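Enquirer: Respectively, the protein sequence lines represent chains V and Y. Note that the working numbering has the first sequence beginning at 1, numbered continuously upward. Note that the working numbering has the second sequence beginning at 1, numbered continuously upward.
FYI, nobody ran anything at the bench for these hints, they're computed from the structure. Treat each hint with caution, since some may be false.
Using C-beta positions, here's what the derived DEER-type ranges look like [stated by the list, open to error]:
hint: 1; chain 1: Y; residue 1: Leu-9; chain 2: V; residue 2: Leu-134; range: 34 to 44 Å
hint: 2; chain 1: Y; residue 1: Val-61; chain 2: V; residue 2: Thr-5; range: 52 to 62 Å
hint: 3; chain 1: V; residue 1: Val-377; chain 2: Y; residue 2: Asn-5; range: 49 to 59 Å
Only some residues are given here: those of chain V computed to face chain Y with a beta carbon under 10 Å [unchecked claim]:
hint: 4; residue: Val-223
hint: 5; residue: Leu-231
hint: 6; residue: Pro-241
hint: 7; residue: Gly-248
Every value quoted in this text rests on a predicted model; they were computed, and no experiment measured them. Just so you know, even glycine gets a beta-carbon here, dropped at the ideal spot from N, CA and C.
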Amino acid sequence: MDPATTFAVALAAYVLLVLAVGWFATRRASASSEEYFLAGRGLGTLVLFMALFGTNCTAFVLVGIPGQAYHDGLGVFSVNAPIIALGIPLTFWAIGAPARRLAAQYGAMTPAELYSRRFGSRAVGVLLFAFYTLYTLLYMVTAIRGAAVTLNVVTEGGVPEWVGGAAVLVVAVVYTSLGGMRATAWTNVVQGAIFLGFMMAVFFVFADGVSDGAGVSGAMRKVREHDAALLGVKDAGLYAPTAWTSWGLAITLTVIAFPHMLVRLMAAESDRALKNVCRLYPIAIIALWVPAVMIGVWGAVAFPGLEGRDSDQIFSMMAAEYLPPALSALGFLAVLAAVMSTLDAQILTLGSMLSRDVMTPADDERRDIWRGRVFSVVIAVAVFLLWQVGGQSIFSLASIAFSGYVTLTPTLLFGMRWRRFNARGAVTSILVANAVYFLALARAGGIGSAKDPAWLGFLPVMWGLVAGVAGAVLGTLWGGRAATRA
Amino acid sequence: MSTTNRQRLAWLGAAVLLVLHHDFWRERGVELWFGWLPEELAWRLAWMLLTFGYLVWFCAVVWVEDEAA
C-alpha cells in the first residue's frame, strides 16, 4: 500500500471509530440533561483519567512543545513537566473534589452554574462564563491550528490548512453533539491510547533515525556535538528565576481553571476515582512529555535552521523522515486525537454553559439537550473564524489563554475552601485580576507578551493572580459578612 | 499521627518539592549520565518520581474522601 493510501485508510478508520462511539453514546445521552452534559456523574477511574489527561493534552504538547524544545532544548521539559505533575493533582484535591460534591448537591452541570448557585448570584455565573469563553476560544484556536498544520505538512500541502481545520471541527462537533459528555469521554479513551502509545513507541524509532541506528545514547551524543546547550537550561527569558516561578504558577493553576477540565471532575463517580487519577498523573506526564521534548531536541539536530513558528512543524517533519508510512499515518492520528480530545470537551462545555448559564435552563430536558447541540455548532463556527484572523504561534496563543485562566483560580479555590468568601469577593476578584492581567500584558509588550516580564521580572500571570487574591479578600471583607452558601 | 500533623507534613512535603524545583542553586550541567541520560533530564525525572511517591502518600493519608466542602 502506498503512503497516501495508508494515510487515507488510517484517517478514515479513525473518523469512523470516533463517530461510531458518538453514535453508540447517543441513546444514553438523550435520556436527560445530566446524562448529556455530565455522563450521569458516573465516570470511573479509567475513563475519568483518559478524559482528563486527553483533555489536558492537546496540540500544545504534541506540536507546540517539540517546536519550543527545538529552540530551547531540555529546559522546556524542566520548566513545564515537573511542576504540573505536582500541581495538577493538588488542584484536583483542593478544588476538583469539593466542586464535584457541591455540584451534585446543587444539581449544577457547568462550572459557572456551580459557582452561581454557590454564591446565589447570577452575576458570578455570567462573569465566569464571559472569561471562560474568551480564554477557551483562544485555546481552541491553538488546537485547530495544530491539527491543520500537521495535516498540511503530512500531505505536503495537498490539504490546505483551512480545509483541515474545518474538517476536524466538523467531526468533533458531530460526535460531541450526538453523544454529549459520555461520547467525549469514551472517545478520549481511544484518543489517549493513540497519542500516548504513539509517543512512547516513536521515542526509540526517532532516536535510531537521528543517530543512524545508535539508539538513544547515539542521539544524545549527536545533540551534544551539535549544540550542547540543548541538553541544559537557558538562564534568560522564561528560564530566569522570576519568570520560572511565574510560569510555574501559570501552567499549574491554569488546568483546574479550564472549564472543560472542571466539568469532567464534576462528572467523576467518586472521590476514589479522583484519587486514582491523581496517582497516575505524574507517570503519564513523564510518558508523554519526555518524547515530546526529545522530538524537538533531536529535530534540531536532524533539521537545523528552522526559525520562529516554523519549528511547530518539527513533529511532522520528523515523522515524515523517520517513520514507515503506517507509523507516520499514526503520528498524524496522534496529533488529531490529542487535538480532538480537547476540542470535543471545549465544545461541549461552552455549549452547555451557553445553554444553562446564559439562557435559563429549559423545563423540557430534551430541549435543553438540543440547545446544547445547536450552541456546539455556533462555537465551532466562531473558533474557525477566530482562527482565520489570528497570527501568533501555537505556544504564544496558548500562553495568553493559560495565563488568563489563572486569574479565575482565586475565585475557584476560595469558592470551595473559604466559607466567608462571597459573591462580592468573587466579582471583585475576577474583574480586578483580569484588569491587572491585561495591564501587565500591555506593560510586557502587548497581547502576545504573556511570556515576557511585566514588572520586577515577573510575568503578567503573576500580577493577575496577586490582584485576584487581593480582590477576593478585600471584596469579601468589605461590607461585612454575607450569606455565602445555599 | 493526628489529622493536623498529617496536613502539616503534607504542606512541608510540598514546600520541599517546590524548593527542589527552583534549583537555581544547582550547577546545571550538560553531561550524559551512563552515556545516554542528560544530567538535567535525570534531575527532573528523579524529582517527578519523588512527586509520585508524595502523591501516593497524600492520597492515602491526607485526602479525606467526601469531606465537607
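Enquirer: Hint validation: V/Val-223 versus chain Y, beta carbon distance must be below 10 Å. Holds or violated?
Expert: holds, 8 Å
Enquirer: May I ask you to test the interface hint for V/Pro-241 with respect to chain Y, counting a Cβ-Cβ separation under 10 Å as satisfied?
Expert: holds, 5 Å
Enquirer: Y/Leu-9 and V/Leu-134, beta-carbon distance inside 34 to 44 Å?
Expert: For V/Leu-134 against Y/Leu-9, whose Cβ atoms are near 40 Å apart, the range 34 to 44 Å holds.
Enquirer: Hey, does the V/Gly-248 contact hint survive, CB to chain Y under 10 Å?
Expert: holds, 7 Å
Enquirer: Is 49 to 59 Å right for how far apart the beta carbons of V/Val-377 and Y/Asn-5 are?
Expert: Given about 54 Å between the Cβ atoms, the range holds.
Enquirer: Is 52 to 62 Å respected by the C-beta to C-beta distance linking Y/Val-61 and V/Thr-5?
Expert: Hint holds: Cβ distance 55 Å, inside 52 to 62 Å.
Enquirer: Should the interface hint for V/Leu-231 be scored as holding, given a Cβ-Cβ cut-off of 10 Å against chain Y?
Expert: holds, 4 Å
The earlier numbered hints are all upheld by this structure, with none contradicted.
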